[in-house]
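Trainee: Sequence:
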Amino acid sequence: MVGVSVRIMQLRYAFRLDPGPRQRVALARAFGCARVVYNDAVDARERARREGAAYPGAGRVNCRRC
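Offset between the sequence shown (1-based) and the working numbering: plus 321.
Just so you know, the hints here were simulated from the structure itself, not pulled from any lab data.
Mixed in with the good hints, there may be bad ones.
[Said to hold, decoys possible] Pairwise CB distance ranges, derived in the manner of DEER restraints:
1) 356 / 376: 19 to 27 Å
2) 346 / 383: 25 to 33 Å
3) 344 / 324: 50 to 58 Å
4) 344 / 379: 28 to 36 Å
5) 376 / 351: 24 to 32 Å
6) 356 / 378: 17 to 25 Å
For clarity, every value in this text was computed on a predicted model and none was experimentally measured.
Ideal Cβ placement from N, Cα and C applies to all residues, glycine included.
From just these sequences and the hints, can you work out the full model?
Mentor: In structure tokens:
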């Protein structure tokens, strides 16, 4: 299409969480798990780079048995 203009509007929301004691424990556990998964993925990609192997994509990083 010639002459078509696309405009994208990005919205941002700011909010504050006020979790109770049990929710704090659950959030800490969830963020702790996310941090471990992220660090494992970074480690797998750095190891592949050092060894000269192919860059492991998201599917390969997600599968621990692969």
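Trainee: If a hint holds in the structure, say so; if it does not, say that too.
Mentor: Okay, the hints, checked on the actual structure:
1. Between residue 356 and residue 376 the beta carbons are some 22 Å apart, a value that agrees with the proposed interval 19 to 27 Å.
2. Restraint check, residue 346 to residue 383: a C-beta distance of roughly 26 Å satisfies the suggested window 25 to 33 Å.
3. Range check, residue 344 to residue 324: Cβ separation about 52 Å, and the 50 to 58 Å hint holds.
4. The hint said 28 to 36 Å for the Cβ distance between residue 344 and residue 379, and at roughly 30 Å that hint holds.
5. For the hinted restraint 24 to 32 Å between residue 376 and residue 351, the CB-CB distance of approximately 28 Å keeps it satisfied.
6. The hint said 17 to 25 Å for the Cβ distance between residue 356 and residue 378, and at roughly 21 Å that hint holds.
The structure is consistent with each of the numbered hints, conforming to all of them.
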